[in-house]
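Position 230 of the sequence shown, counting from 1, maps to 230 under my numbering, and the rest follow consecutively.
Because the hints were derived from the structure by calculation, they are not lab data. Source: prediction; values computed, not measured. Glycine included, every Cβ here is placed at the ideal spot set by N, Cα and C. Be a bit skeptical, because a hint or two may be false.
Across the chosen pairs, the derived CB separations fall in these ranges [unchecked claim]:
| id | residue 1 | residue 2 | range |
| --- | --- | --- | --- |
| 1 | 323 | 93 | 42 to 52 Å |
| 2 | 52 | 247 | 38 to 48 Å |
| 3 | 250 | 275 | 40 to 50 Å |
| 4 | 102 | 176 | 42 to 52 Å |
| 5 | 277 | 246 | 31 to 41 Å |
| 6 | 288 | 206 | 52 to 62 Å |
| 7 | 363 | 237 | 42 to 52 Å |
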Amino acid sequence: MRVRRFALYAAIAAATAPLGCTEDALTGYSSDTAPGQASPTIEVELGAGDLPSWRDTTYLGFAIPATASFKLATDQSDLRARVLGRFSTLPDSVVVDTVRVAVETFESAQIRLTIDTARSVFPSAGVQTSVLEVTRSFDAEQATWVEARPGETWTTPGGDLGALLGGLLVEEPADTVLIPLAVDADSLLKAWRASDGEPGFAVVAEGDSARLRIRSVAILTEARPEGKDTTVQVVRGPTPLTFIYDPPLPAVSTRLRLAGLPSARIYLDFELPERIGGFELRGSTINRAVLEFRPLAGPDEPFRLSEILSTTTFRLLTDPFEDGERTPVGATLGILVALDPDSLAAGRPLVVPITELIGLWSLADADSIPKLRIGVRPLPESQELGLWEFGSAEDAPALQPVLRLLISPRTVFRLP
């Protein structure tokens, strides 16, 4: 624990205004004996080991590839990824002149990919982008490069891929890629419609260092209504849609982690001492309170955080070490703070404000708030495959989280 005194405020001076014919001061006291004592402002640094109790952990799964705002199809030396999905909402009828008419045939179809070109890599030879049949059903929320669902492995890691449905060489960056289906659209779409899209499709990118960050996927088809000499364009998005990748995300250790997919949060609780350095902490004015998390060396590619995210800090309403990932979340604390990979790589800590929460503790009755429970999460949680890790209470003191307080202990008034 480190305590540093910053300033000393002057004591309250006695009044000196005259009263009637007397020349004495109103109170009759000198300034040296006037009520009120000096009130310092001090900075206190408390490591996790300095507090009566401190627990911290990492929980995963608040965003997963199936719920992420992007999907990846890559063919890089350090990361391979494929998009998996199902078109489960293909219609059996369409509206023509305000009348719903059954679909007789699907005349043609193409897959539309919307690409985030700024975050994609297009090699000079182009990206061979293919849509293939998936021959084994999969659980979109739990599928991995190795397993179609828990306990059921793919015959071939990366998904059991069947016939080529369509392909296109993307030779230069493009925001929108349209891949015509090279098979009979009517037979394929009717089979998908009858089976709710099962077993599904895959989007594969091939090419030296190719990387497609995909914003959205859709199927566009021309449907011919029964008895009509016209077609109606139908657009449907896949439900569900996910991506699988290799290598897997590094396993969580005792270190604290933020971001990644599945996305990670930091949950912690701690108790504050009633007194610090001879001062009463309870009842003090909390001018500023922050938690500092000490960054570790950045993870290796492809899991190194690549862009700035925001972080938000919030209260936890129950014990996170009993309720885990399902711990209910309360009010947000403080302002958004940048999770900046350049700053973290330079060793600068992630500093999150919790002044409001410590202030409430200071004003509360003793034992009314025995433990302070806090969570830290990236915002948004579904934007990055990359992550960063921080020291925990189980690390050496130099890496442990720190609570830093700037306080003004309450002034004790005593009569002379």
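Hints, one by one, checked against the model:
Judged by the Cβ atoms, the range 42 to 52 Å given for residue 323 and residue 93 holds: they are separated by roughly 47 Å. Judged by the Cβ atoms, the range 38 to 48 Å given for residue 52 and residue 247 holds: they are separated by roughly 41 Å. Under the hint 40 to 50 Å, the C-beta atoms of residue 250 and residue 275, about 42 Å apart, fit the expected range. As the Cβ distance of residue 102 to residue 176 is approximately 31 Å, the hint placing it in 42 to 52 Å is violated.
Against the hinted window of 31 to 41 Å, the Cβ-Cβ separation of residue 277 and residue 246 comes to about 53 Å, which falls outside the hint. Range check, residue 288 to residue 206: about 53 Å between beta-carbon atoms, so the 52 to 62 Å window is met. One distance hint, 42 to 52 Å for the beta-carbon pair residue 363 and residue 237, holds here, with the actual separation near 51 Å.
In the structure shown, a violation is registered for the earlier hints numbered 4, 5, in ascending order.
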